[in-house]
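Engineer: Given next are the chains, with one letter for each unit.
Number of protein chains: 10
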Amino acid sequence: MPKPQLLETFPNPYADRDYEIFMETTEFTSLCPLGGIESDAAELLLLEGGAPDFATIRITYRPAAKCIEAKSLKLYFWSFRNDGIFYERAVNRILDDLVAVCAPKQMTVVGDFNVRGGLKSVISVRWPQG
Amino acid sequence: MPKPQLLETFPNPYADRDYEIFMETTEFTSLCPLGGIESDAAELLLLEGGAPDFATIRITYRPAAKCIEAKSLKLYFWSFRNDGIFYERAVNRILDDLVAVCAPKQMTVVGDFNVRGGLKSVISVRWPQG
Amino acid sequence: MPKPQLLETFPNPYADRDYEIFMETTEFTSLCPLGGIESDAAELLLLEGGAPDFATIRITYRPAAKCIEAKSLKLYFWSFRNDGIFYERAVNRILDDLVAVCAPKQMTVVGDFNVRGGLKSVISVRWPQG
Amino acid sequence: MPKPQLLETFPNPYADRDYEIFMETTEFTSLCPLGGIESDAAELLLLEGGAPDFATIRITYRPAAKCIEAKSLKLYFWSFRNDGIFYERAVNRILDDLVAVCAPKQMTVVGDFNVRGGLKSVISVRWPQG
Amino acid sequence: MPKPQLLETFPNPYADRDYEIFMETTEFTSLCPLGGIESDAAELLLLEGGAPDFATIRITYRPAAKCIEAKSLKLYFWSFRNDGIFYERAVNRILDDLVAVCAPKQMTVVGDFNVRGGLKSVISVRWPQG
Amino acid sequence: MPKPQLLETFPNPYADRDYEIFMETTEFTSLCPLGGIESDAAELLLLEGGAPDFATIRITYRPAAKCIEAKSLKLYFWSFRNDGIFYERAVNRILDDLVAVCAPKQMTVVGDFNVRGGLKSVISVRWPQG
Amino acid sequence: MPKPQLLETFPNPYADRDYEIFMETTEFTSLCPLGGIESDAAELLLLEGGAPDFATIRITYRPAAKCIEAKSLKLYFWSFRNDGIFYERAVNRILDDLVAVCAPKQMTVVGDFNVRGGLKSVISVRWPQG
Amino acid sequence: MPKPQLLETFPNPYADRDYEIFMETTEFTSLCPLGGIESDAAELLLLEGGAPDFATIRITYRPAAKCIEAKSLKLYFWSFRNDGIFYERAVNRILDDLVAVCAPKQMTVVGDFNVRGGLKSVISVRWPQG
Amino acid sequence: MPKPQLLETFPNPYADRDYEIFMETTEFTSLCPLGGIESDAAELLLLEGGAPDFATIRITYRPAAKCIEAKSLKLYFWSFRNDGIFYERAVNRILDDLVAVCAPKQMTVVGDFNVRGGLKSVISVRWPQG
Amino acid sequence: MPKPQLLETFPNPYADRDYEIFMETTEFTSLCPLGGIESDAAELLLLEGGAPDFATIRITYRPAAKCIEAKSLKLYFWSFRNDGIFYERAVNRILDDLVAVCAPKQMTVVGDFNVRGGLKSVISVRWPQG
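Protein chains in written order, with the numbering used here: chain R, 724 to 853; chain C, 724 to 853; chain U, 724 to 853; chain L, 724 to 853; chain V, 724 to 853; chain Y, 724 to 853; chain A, 724 to 853; chain Z, 724 to 853; chain W, 724 to 853; chain P, 724 to 853.
By construction, these hints were calculated from the structure, which means they are not laboratory data.
It is possible that part of the hints are untrue.
Below 27 Å or equal to it, Euclidean Cα-Cα: the simulated BS3-like pairs (lysine-lysine) are [unchecked claim]: (1) P/Lys843 with W/Lys794; (2) R/Lys828 with Y/Lys789; (3) U/Lys726 with U/Lys789; (4) L/Lys789 with L/Lys828; (5) V/Lys843 with W/Lys828; (6) Z/Lys843 with P/Lys843; (7) A/Lys828 with A/Lys726; (8) Y/Lys794 with P/Lys828; (9) A/Lys843 with Y/Lys726; (10) Z/Lys828 with P/Lys828; (11) Y/Lys843 with A/Lys843; (12) W/Lys828 with W/Lys726; (13) C/Lys828 with C/Lys794.
Could you put the whole structure together from the sequences, leaning on the hints where they help?
Structural biologist: Here's what the structure looks like:
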């Protein structure tokens with residue numbers, strides 16, 4: 724399960740200025756929630772979900788009172804490592820967790836997933852709407 | 724014949740949020756509807772249409788109640804493999820089939836076809852108009 | 724002389740939809756209208772114009788009732804091969820010829836010419852104005 | 724089934740010189756021989772093999788008396804389109820068929836296959852043995 | 724623990740020819756064997772090792788009687804996912820496991836690890852020596 | 724400590740024209756303000772802050788009466804070399820110092836920091852507020 | 724001294740159409756107006772200004788009655804070769820000279836100068852204002 | 724017909740040193756010797772051969788007493804413009820013509836032809852053999 | 724002063740195999756030993772040497788009994804940060820220090836320094852000779 | 724005239740080790756020795772030679788007792804700025820001048836000249852002969 728309790732913030736040192744922070748990891752990995760591993764292998768691998776997924780996650784936000792602490796964000800991403808989660812859920816969940824913890828003026832999260840079955844998928848979400 | 728009956732959807736897990744999904748395959752192939760193969764070869768090849776075409780297909784949509792299931796999209800693309808179809812028809816057809824199955828808020832489909840006779844062609848369609 | 728009579732069209736199969744077609748060749752060649760070849764060589768080369776020019780031509784249009792047939796466009800481009808024509812004339816001429824034959828809703832033509840004398844030139848024209 | 728009877732040759736116009744010819748297609752496609760398509764979809768798709776494979780094929784050879792005719796090579800590649808064949812077999816088979824038809828001094832064939840399940844595969848074969 | 728029992732082989736279909744097979748994944752991940760996660764986070768993350776490592780693994784071999792089955796190789800790579808293992812051990816271990824299962828004429832394994840602390844590391848091993 | 728007293732300006736030679744100046748260094752380096760170096764090493768290294776950070780800094784401004792002198796900007800960047808400073812502070816500080824010294828019509832500063840812990844960070848600030 | 728008297732124009736062959744011309748040289752060179760060469764070397768080099776500067780110059784304009792003749796533009800650029808001139812002056816001067824000679828509807832000039840002292844500079848000017 | 728009489732040489736200014744000269748054009752064009760143009764278009768186009776071919780030609784040689792004059796090489800390449808010639812003939816012919824005119828110690832000619840029918844071709848020839 | 728006492732090793736886990744380790748940092752920085760900073764600025768900057776230098780350092784070695792510990796290598800590189808040292812000395816010094824600490828079978832060190840005054844420098848050293 | 728008297732050396736700090744130094748400038752410029760400028764322009768431009776040439780110069784050498792001082796090399800390159808010199812002469816001359824001043828164990832000089840008339844030229848020379 725993603726663990727938002729790992730996320731930490733620090734006070735925005737220039738809270739009176741409207742500016743933008745972009746953070747990107749090319750090392751996001753989770754598991755496909757559908758079992759895609761045949762039974763013997765599944766037993767050997769001890770993976771509760773299915774096949775590993777890999778993505779680049781890009782976060783852009785305009786901080787209000789709080790900034791996201793980078794190291795805690797890294798740990799939060801690690802908490803997806805052994806969870807089965809669909810692409811759409813993962814990206815929307817990250818947005819919700821980050822908005823909850825730092826209450827930004829605006830935030831977008833993009834999940835750019837590696838090719839699977841010849842198909843690349845990119846999910847882009849934004850807060851607030853419109 | 725393209726087979727939209729292969730397409731499947733799943734309920735949008737974040738249907739109350741307006742967000743964007745991009746899906747891309749670099750492995751789309753169909754046949755040119757014009758016979759471009761001389762008779763003996765045509766007989767040997769048993770291709771009903773003409774020469775193979777190759778394209779990258781890019782789909783961008785904002786889901787409403789339903790999302791397109793990725794594996795079914797892959798199978799749908801495969802159903803063009805042995806059909807003769809013009810570029811303009813193929814791309815418009817994909818848009819129509821996908822809109823019919825998932826009723827998105829908005830969708831664009833781009834077909835970026837490999838060079839033929841020294842000419843590259845890219846067809847871009849959008850739904851709804853305007 | 725460019726030969727617009729080589730251009731052919733076919734009925735737009737989705738004429739009720741507003742969409743975009745992009746066609747590009749990296750193999751456009753014409754001749755410089757200024758004699759840049761010294762006399763003996765000119766005689767041997769039998770080139771009526773001057774030095775060869777090379778360009779990438781990019782066409783983007785929104786079809787109305789008619790689409791441009793790709794093979795005929797290729798032949799039309801070939802008809803510039805042994806003509807002396809300035810960059811500005813060539814690009815504007817292509818726009819005029821294509822608009823005349825397919826009466827699009829909108830069209831742009833870009834001619835991106837190879838470096839000559841250390842200078843690269845790109846000419847971009849659009850129809851209709853504004 | 725690959726159809727080597729589609730391959731044609733022409734006499735090497737410079738047979739007294741030892742030189743090298745390289746030919747490459749980025750548009751090779753065949754089918755996986757393992758059924759990877761669930762039954763309903765398989766019925767709809769009418770594919771005798773399994774999922775499509777895509778590859779770049781690179782041929783390098785030093786011609787002796789005969790050169791491979793390019794258009795016939797293209798048709799020969801098309802004859803793999805609807806066959807189920809493993810990577811290793813496809814590349815070795817191409818080498819055998821081409822050597823049989825043109826009897827070169829030397830030939831290498833490389834099949835560079837698209838990523839499947841996160842794995843890229845490249846098979847390189849050579850004739851005669853080194 | 725890496726699980727070589729997941730590896731499968733198939734008979735080399737062209738065992739009388741000396742040729743080369745290259746396989747690459749950009750999605751290898753394991754854990755650093757050193758605890759790099761502070762205690763509370765470690766408890767939450769339930770990672771037995773330390774911080775995740777990511778690498779591209781490249782395998783090149785000349786098959787003798789047996790070829791490595793691609794899907795089983797993918798599963799074998801997955802078995803490193805939750806193990807703590809140093810770079811040098813991981814790459815040498817992969818070589819040992821693959822050689823044991825397919826007894827190739829020759830094999831090299833390259834592990835190209837993502838930057839850590841501003842340092843990129845690439846380990847290259849070969850069998851047999853010399 | 725960053726030393727804005729190193730910054731120099733020269734009169735804008737075309738002060739009656741509204742134009743844009745972009746300046747970029749790929750060689751910005753400062754120190755992380757958090758101690759990330761274990762004690763013995765820290766003593767040997769004599770670094771007052773922690774681990775070195777590296778960034779590309781991009782400045783875009785529309786000059787009013789004064790332009791920033793390039794060489795003095797380089798020296799100003801050097802004054803961050805041995806200071807511990809957070810990313811957000813560094814970029815906002817640079818904006819404040821440059822605005823103070825040259826009073827531009829508009830300025831943006833972007834700090835594009837190297838990957839740390841698998842995370843890339845880019846901070847973008849602008850003056851005056853939009 | 725830059726020599727605008729080298730610039731020539733020709734009548735816009737499609738003066739009734741609003742279109743765009745882009746011209747670029749990657750071979751612009753001038754001298755830094757500050758003496759950066761120590762005395763003995765300066766005497767040997769006979770350079771009146773200081774160290775050479777190099778830039779890519781990009782011109783985009785919408786012609787009115789006149790187009791800039793490419794060869795004359797090349798000669799005009801050469802006239803900066805042995806002059807000491809600051810970046811800001813050079814780019815603004817080019818805009819003024821070109822506007823004076825061809826009276827375009829609109830023009831932008833961008834000077835993209837090579838790195839000096841680890842700093843890259845790009846100056847962008849436009850006519851008319853706003 | 725290619726016109727080697729256009730080629731000129733100049734005395735090698737460092738004939739006592741063994742060195743290498745590389746010359747490359749990305750603007751080589753000739754015609755396919757096979758009629759690939761339907762009759763009406765052929766009449767309009769007045770092309771004696773068939774469809775245009777485009778190539779990059781790369782020449783590497785070690786000069787003996789004579790060097791090839793660059794401008795004359797350019798004219799020589801132009802003499803292929805309206806000739807129908809096969810790839811293999813063109814590249815071997817260029818080698819023969821250049822060797823005849825400058826008698827180098829060694830020369831290679833590579834013709835790297837644009838994709839036709841999805842196939843790229845590169846021909847490499849060398850003098851002397853071995 | 725570079726501080727080799729920061730370097731640590733660990734026992735080669737596969738000491739009976741001859742293999743290769745490559746390590747690269749793009750974040751090496753030192754100071755130019757020549758004073759290149761005018762006096763007032765020098766006083767403000769408190770840099771004992773001159774202008775900062777930046778380089779990518781690439782190390783390739785075949786370990787014998789000991790491998791270089793990555794984190795300690797990073798700290799060793801940091802010890803150059805505030806030292807004035809010439810390119811040639813830095814690269815040779817790194818080789819000497821690393822060979823002394825890990826006694827490899829073979830090692831090369833490459834220092835690829837950023838452009839200064841329009842000149843890029845790369846120094847490559849190897850141990851043992853020959 | 725190129726001025727080798729500008730070149731300076733410093734004692735090789737590791738003269739007992741056989742190693743390699745690479746230096747590259749992308750900012751070499753000289754003049755074509757052939758008058759390529761029509762008379763009026765030539766008078767205005769005051770260029771004694773013809774049109775400017777631009778090149779990247781790459782020097783690789785194994786130093787013996789002396790290394791080439793980088794700043795003096797830069798000044799030496801500047802001394803070609805207003806001289807008319809053929810490509811072959813320039814590159815051979817640079818080799819001769821550099822060998823004369825630093826007496827290396829081995830040196831290569833490569834001059835990679837910008838496209839002129841659609842032709843790129845690269846001259847590679849080496850000392851001593853192979």
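Engineer: Which numbered hints does this structure break?
Structural biologist: 1, 2, 8
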